[in-house]
Amino acid sequence: MLSSLIFGMFFGAGNLIFPVHLGQLAGVHWFSAALGFLFSGILLPLGALLALAITRAEGIFDLARPLGKGLALTFLILVHATLGPFFATPRTATVPFSMFASHFAPSMQGLALLIYSGIFFGIVYFMSLKEGKITERIGKLLNPIFLILLFVIFLFAFIKPMGSADTTKASEAYLTASFTNGFLEGYNTMDALAALAFGITVVTAIKSWGIKSAKETSISMAKAGVVGMAGIAIIYLISIFLGATSLHHFALSENGGTAFAQIANFYMGPIGEALLATLSTITCMSTAMGLVIAFAQDFHKRFP
Numbered sequence: 011m012l013s014s015l016i017f018g019m020f021f022g023a024g025n026l027i028f029p030v031h032l033g034q035l036a037g038v039h040w041f042s043a044a045l046g047f048l049f050s051g052i053l054l055p056l057g058a059l060l061a062l063a064i065t066r067a068e069g070i071f072d073l074a075r076p077l078g079k080g081l082a083l084t085f086l087i088l089v090h091a092t093l094g095p096f097f098a099t100p101r102t103a104t105v106p107f108s109m110f111a112s113h114f115a116p117s118m119q120g121l122a123l124l125i126y127s128g129i130f131f132g133i134v135y136f137m138s139l140k141e142g143k144i145t146e147r148i149g150k151l152l153n154p155i156f157l158i159l160l161f162v163i164f165l166f167a168f169i170k171p172m173g174s175a176d177t178t179k180a181s182e183a184y185l186t187a188s189f190t191n192g193f194l195e196g197y198n199t200m201d202a203l204a205a206l207a208f209g210i211t212v213v214t215a216i217k218s219w220g221i222k223s224a225k226e227t228s229i230s231m232a233k234a235g236v237v238g239m240a241g242i243a244i245i246y247l248i249s250i251f252l253g254a255t256s257l258h259h260f261a262l263s264e265n266g267g268t269a270f271a272q273i274a275n276f277y278m279g280p281i282g283e284a285l286l287a288t289l290s291t292i293t294c295m296s297t298a299m300g301l302v303i304a305f306a307q308d309f310h311k312r313f314p
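Going by this note's numbering, the sequence shown opens with residue 11, and the numbers climb by one from there.
Derived from the structure by calculation, the hints contain no laboratory data. From the three backbone atoms N, C-alpha and C, an ideal C-beta is built for every residue, glycine too. Fair warning: there could be bad hints in the mix.
[To be verified] Taking CB as the label site, the calculated pair distances span:
1. I129 with F161: 24 to 32 Å
2. I158 with T186: 36 to 44 Å
3. K79 with H259: 34 to 42 Å
4. R66 with L165: 26 to 34 Å
5. H310 with T84: 17 to 25 Å
6. F161 with L194: 25 to 33 Å
Make the full structure from the sequences, and use the hints.
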């Protein structure tokens, strides 16, 4: 269950669309690009979780405390500001909006986004009010629904492949530096920073199960982190491969959201696009809940 919680919090806005777009960009070099993506998108976040587990820190502040309380507090504020109001949290609403809801109000995008964001974050706020329910709401509800819907799309892709990834054309930047560019795309998911912020939420979830020992908490976090990130890695590989094979039917898309929508429509028509819209909303809502709760927990602990 803890692995499902970690999976749900990490697999957010960019995690659904970046890999598909990377596959289109890398083409025939999709595998080396995937290795770079996995290095920064999986190993770095996992390393951050393991660092929290090994040091038995309960969050960003505890991890940075050896450098001094002032620097640790500054680091905490900067990380949460980046993951919170400045970049990552707003993106959890704009991604599903751009993939589906924006089509209903093409002439009033600004107002439509404002209304959608208000509803989206209203639901996130309501579901985040009780931190003790975070494991149940993400691990038992949202994440299983997401995995089932994603499995449906992947199943169609394996039954009826679009073509061979080995015969697709790579964009110029990926002809000689596919691993490096894949690494940069993986870093753009911001999961390396998110792992530091989510640490306190994971620790709180473990303690809510009655585990008080620092050693047992660290072991549980390490095991769950490995399993959860391994699951994300598998989805990344499939998504990157799917993006590469899609070049047999579609031109290089402007972004991964457009590419994934085209793929979903190719296999399932309008139903596929509706399925993708549901997928993106669920996964982004799970991440938004994780970010909001981690933000609240850390700041409440430092500024009670």
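To see whether the hints hold, each was checked on the structure:
| no. | hint | result |
| --- | --- | --- |
| 1 | I129 with F161: 24 to 32 Å | holds (28 Å) |
| 2 | I158 with T186: 36 to 44 Å | holds (40 Å) |
| 3 | K79 with H259: 34 to 42 Å | violated (56 Å) |
| 4 | R66 with L165: 26 to 34 Å | violated (42 Å) |
| 5 | H310 with T84: 17 to 25 Å | holds (18 Å) |
| 6 | F161 with L194: 25 to 33 Å | holds (29 Å) |
Of the numbered hints given earlier, the model fails hints 3, 4; all others are met.
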